[in-house]
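Sequence order for the protein chains is A and B. Taking my numbering, the leading residue of the first sequence gets 3, the next gets one more, and so forth. Taking my numbering, the leading residue of the second sequence gets -18, the next gets one more, and so forth.
Everything labelled a hint here was simulated from the structure, so no lab data went into it. Virtual Cβ for every residue (Gly too), placed ideally from N, Cα, C. Wrong hints could be hidden among the right ones.
As the list claims (entries may be wrong) - For each label pair, taking beta carbons as the anchor points, the in silico distance ranges come out as:
id	chain 1	residue 1	chain 2	residue 2	range
1	B	15	A	47	24 to 34 Å
2	A	72	B	16	27 to 37 Å
3	B	78	A	15	38 to 48 Å
4	B	107	A	140	37 to 47 Å
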Amino acid sequence: MTTVLVLTGIGFACAAIIYCVNIVLPHKVQGLEKTEEIANTLPGMNCGACGYPGCFAYAQALAKSPDLISQSPCAVVLQDAERLERLEKALGVSIDASEMSKRALIHCNGNSEIVCDYSGIKTCKAAVQLLKGYRKCPYACLGLGDCLEVCPQSAISIDEEKKVAVVDVEKCTGCGLCVAECPQKLIELVPEGTKIAFLCSYKPLRDIPGREKCDFGCTHCRKCYKACEDEAVVWKKEEAIPEFDIEKCTLCHKCIDECPNNTLASFTRVKAAV
Amino acid sequence: MTNLITIFLSMALINNFILVRFLGLCPFFGVSKKLSNALSMGVAVTLVMFIATVATWIINRYILMPFEVEYMDIVIYILVIASLVQIVEMAIKRTNLTLYNALGIYLPLITTNCAVLGITLINATEAYSLLESIACSLGGGIGFTLVLIMMSGIREKLELADSPRSMKGLPVALLTAMLLGLTFLGFGGMI
């Protein structure tokens, strides 16, 4: 009984002391008003995606140079209209959220053939150390979920059927933490309004490219380019992959229907899959 | 007085926190890449150790001992240290911004550092008086800072050295730690 009393007593005492100190200490610090105002608009979850150690450090940097917002914006604030408005007010600059808001896209269709048994440490980083992973395609998603560990929004999940990581575009804030995490460099930040997702990273042109590595990858056949009636598909010659013009695309999905290996998908497909 | 100096030297060199007691190993490798970071971390740890020692000594003597609940010390110490660090952080943030920026992320980080909890538990088991506890904590903190600074100095130079590819980074740091540990063993017969 005394134990319980002592422990609760100390707990309450600590809480009371912290509360008192909080009241006694000056709230407005010289030269810190602006930082505090900015910090209040930030989410405060210290995810570190902006490149600063914590939200407060980010706020300090912003207070010094408001232009920083265009280079390393806080992805969470960009999603939240109300926070964004408050941050604009605090910084005194206007922010075009639609320009900066991004989504993560994993450029892999999954199901690349497994060529050897891997029984090592269950992380992509460890698996890649051995012969670039255990799948036939050296650019394949291994599906061990390094990206899903770092996602502060829990927006990434593993599609068990295809053994590939998929991003829930509804939950994703485009913070970019996963981009650095992927040892295969499959994840790219694409504009929020992206309509067509290109699900392959195999770029080298050799023999019949792609086909010998994976049955679900881009074969560089250019069918999507020919199918498009709105000239929204641009063929990038050097890399031999299609690029999709957001402005011109009318979402007719003809390119998706034409693609022989189903390497293209509607960008919002991810939501349906989960 | 000799007693205090003995305790101080023993904690700083002979029973060094990192190299002999193996406490606080995460900052030892995590924060020892740059000399400036190592210094901030060392100062923060020493500061928190000192404050935690004073607070836990008072609690141990005037609350835990009279009520005979010493076996609860770990839980209570963690609680007290966490709230103390919170208070210190708040105070520094609102009074001295330069210091707050210098300590940066390290201050909240060491709330649950085992070296900080370790020093309070050592003080409790050795039944030190208040002065002895303070000497012990300062010695521990300074020893910790010393090793951190030495390690970061070596690692800064090692970055430029031509070590084999498989040894770059952590492996060579671990070997360095071993050699440092061996040199600190030499202090063993000092007192």
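Checking each numbered hint in turn, tell me which of them this model violates, lowest number first. 3 and 4
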